[in-house]
Structures are given as C-alpha cells and as structure tokens.
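Q: I would like the entire structure built from these sequences, with the hints used as guidance.
Number of protein chains: 2
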Amino acid sequence: MEEKFMQEALKEAKKAFNKKEVPIGAVIVYRNKIISRGYNLRERKNNSLMHAEIIAINKACKKLKSWRLDECDLYVTLEPCPMCAGAIIQSRIKNVFFGANDPKAGGVVSKAELFKPNIFNHNVNVIGGLLESECSEILKDFFSKLRKVDKLQKL
Amino acid sequence: MEEKFMQEALKEAKKAFNKKEVPIGAVIVYRNKIISRGYNLRERKNNSLMHAEIIAINKACKKLKSWRLDECDLYVTLEPCPMCAGAIIQSRIKNVFFGANDPKAGGVVSKAELFKPNIFNHNVNVIGGLLESECSEILKDFFSKLRKVDKLQKL
Chain S
0 MEEKFMQEAL
10 KEAKKAFNKK
20 EVPIGAVIVY
30 RNKIISRGYN
40 LRERKNNSLM
50 HAEIIAINKA
60 CKKLKSWRLD
70 ECDLYVTLEP
80 CPMCAGAIIQ
90 SRIKNVFFGA
100 NDPKAGGVVS
110 KAELFKPNIF
120 NHNVNVIGGL
130 LESECSEILK
140 DFFSKLRKVD
150 KLQKL
Chain V
0 MEEKFMQEAL
10 KEAKKAFNKK
20 EVPIGAVIVY
30 RNKIISRGYN
40 LRERKNNSLM
50 HAEIIAINKA
60 CKKLKSWRLD
70 ECDLYVTLEP
80 CPMCAGAIIQ
90 SRIKNVFFGA
100 NDPKAGGVVS
110 KAELFKPNIF
120 NHNVNVIGGL
130 LESECSEILK
140 DFFSKLRKVD
150 KLQKL
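As given, the protein sequences belong to chains S and V, one line each in that order. Counting in numbering that gives the first Met the number 0, the first sequence runs from 0 upward without gaps. Counting in numbering that gives the first Met the number 0, the second sequence runs from 0 upward without gaps.
Some hints here could point you the wrong way.
One copy or two, it doesn't matter: identical chains are merged, so the pair holds either way.
[Unchecked claim] Derived lysine to aspartate or glutamate pairs resembling DMTMM-like cross-links, with alpha carbons at most 20 angstroms apart:
1) K61 - E42
2) K115 - D101
3) K32 - D69
4) K144 - E2
Keep in mind that the hints were calculated from the coordinates and are not lab data. Everything numeric in this text was worked out from a predicted model, so none of it was measured.
A: Have a look at this one:
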C-alpha cells in the first residue's frame, strides 16, 4: 500500500522533471485516498515556497477546510527540507514516508532532525528509504542531463 | 532604523490580535523599503501555512518576481518556527530580526538552531530581542484575554 502511494508521488516528480524543475513529488493521503498532490515548481513560479510538500499541504488544508491534517499521511520522494518538515509539524500530519535522503539539505535525518520525538508539541512518525532507488534515480538523471546541457552551452 | 521596521511588524501583529489570531506580524525590507507584510491567519484561513513570515515571503517573491530574496531583511515579532526559519533559508534572506523568543516552538535559538552557520547552503544573520518587551507584551495580553473568555464560558 505504501509503495503504491509513493509511486503516485513519483508520478508528481516526473511532472516536475518534464518542466525542467528538480524532480520532487508528494501526495497526501486521508482515509486511504489521495486528497492532494504537488511537485516542485520553484523556478517556474519564481517562489521559494513552491516545494512539492508545501503545495500538497496547502491543497489538503483547503480540501479538508482545516489546518489540522492529523489523520493524514504524506509521501514525498525526497527527505523534506526544514521548511517542509516544519510545515508537516505545523499541520500535525501523522506519518511521513520519504524516498531518498537529502545529504545536503534534509531536515529529518541529514542536516537537522526535526522529527526527533518530544522536541515540538507534535510528534511525526517517519519512514525513510521507501522506493529509494527510483526516487534517487530520477534526481540523478535530472542532474546528469543538466550537466550535459551546461557542457554543450560552454562549447 | 531596525526599531522602526519592527514597529511596522508590531502593527501587523496588532491586525492579527484584532482578528482573534495569535498576534504575530512580519515585514520584509528591500533596499530600505518595506515590500511586503504579513500577519498570522492560521485560524481564519484554516491553513497551517498561514504564518506571518510565510505570507510576507510569498508576497515578496511575487513582488520581486524571484525566489531569491538575497537583498532582503525580514522583521518578525516572534522567533520563527522551523517552517518559517526553513522558508527564510530557502529564500536566501540576508538578515532576520526577531522580537520575543519562542521557548516552546522556536526554530532559531529555542527548540532548534536552524540559522547556525554552515549547516545549510545559505547562512542567515540573525538578531533576536529587538523590541522584545513590546513583542512579548502583545502575546501575553492575547493569551490572558483568551483565558478570561475561557473562564467566562465555563461559568
């Protein structure tokens, strides 16, 4: 079941890829159904807030007409950054599943550990490494293509 | 000069107060001018993302048509939570001035230290305690009024 939802998050990441955005995707699940989706749109929207998770959380709050998403789970292809991890805490999301680690900017296990129990007034259950290879593959693919384009432009 | 801008953030906090929202306000300054303002609207908007800083950052990105706010400073009456501290890092905001500490949920000095140098790819300069007493006074006032209402409702 969890893998099925992460596959849906990967579909969102692919949408970002096709728009030349760093391919990260997320879905939010409520009572076993996807209620919102998001993918990274930072460049296209010229907006630092437009991460996959923030877009999905914004839509979920609107859908449920509540800032409390305490019956919701979030699936995201990359370890959330501190902004997104913080938004997850603010939303009281129950469970977070992520794919690849983000050694440079991750806010859950890599650069900060914001979901460590009993720091904040809400504890998030977190499982990393779900479909990890697919989730990191799409990122590697994106950055290798970007480097090729860079090299060609320098010729 | 810094105090003048924090006074403007306090004006935003007062708008939140008058709407029965936890009174926190923020302004963003670019080349010595306020380009965006925000105050907490979580309850009214039923949205966990609607913190003063997020609202102000969103508006500033739209105004400058850029996700990079690297020539901007942010003034906020309360220590940013991890979501807002992370959004400040994502936006490359240069300097952050905050008023009161948030011992329960602060992401800068209290519960996490996200602006500690050399963790992330952007270092934020931070100054806390600016107009601290005014900034904490409005919060105390809000919560004491809330408790009175609670007591009256229980009579």
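Q: Each hint needs a verdict: does it hold in this structure or not?
A: Each hint, compared with the structure:
no., hint, result
1, K61 - E42, "between (24 angstroms within a copy, 12 angstroms between copies)"
2, K115 - D101, "both (17 angstroms within a copy, 19 angstroms between copies)"
3, K32 - D69, "within (15 angstroms within a copy, 40 angstroms between copies)"
4, K144 - E2, "neither (27 angstroms within a copy, 48 angstroms between copies)"
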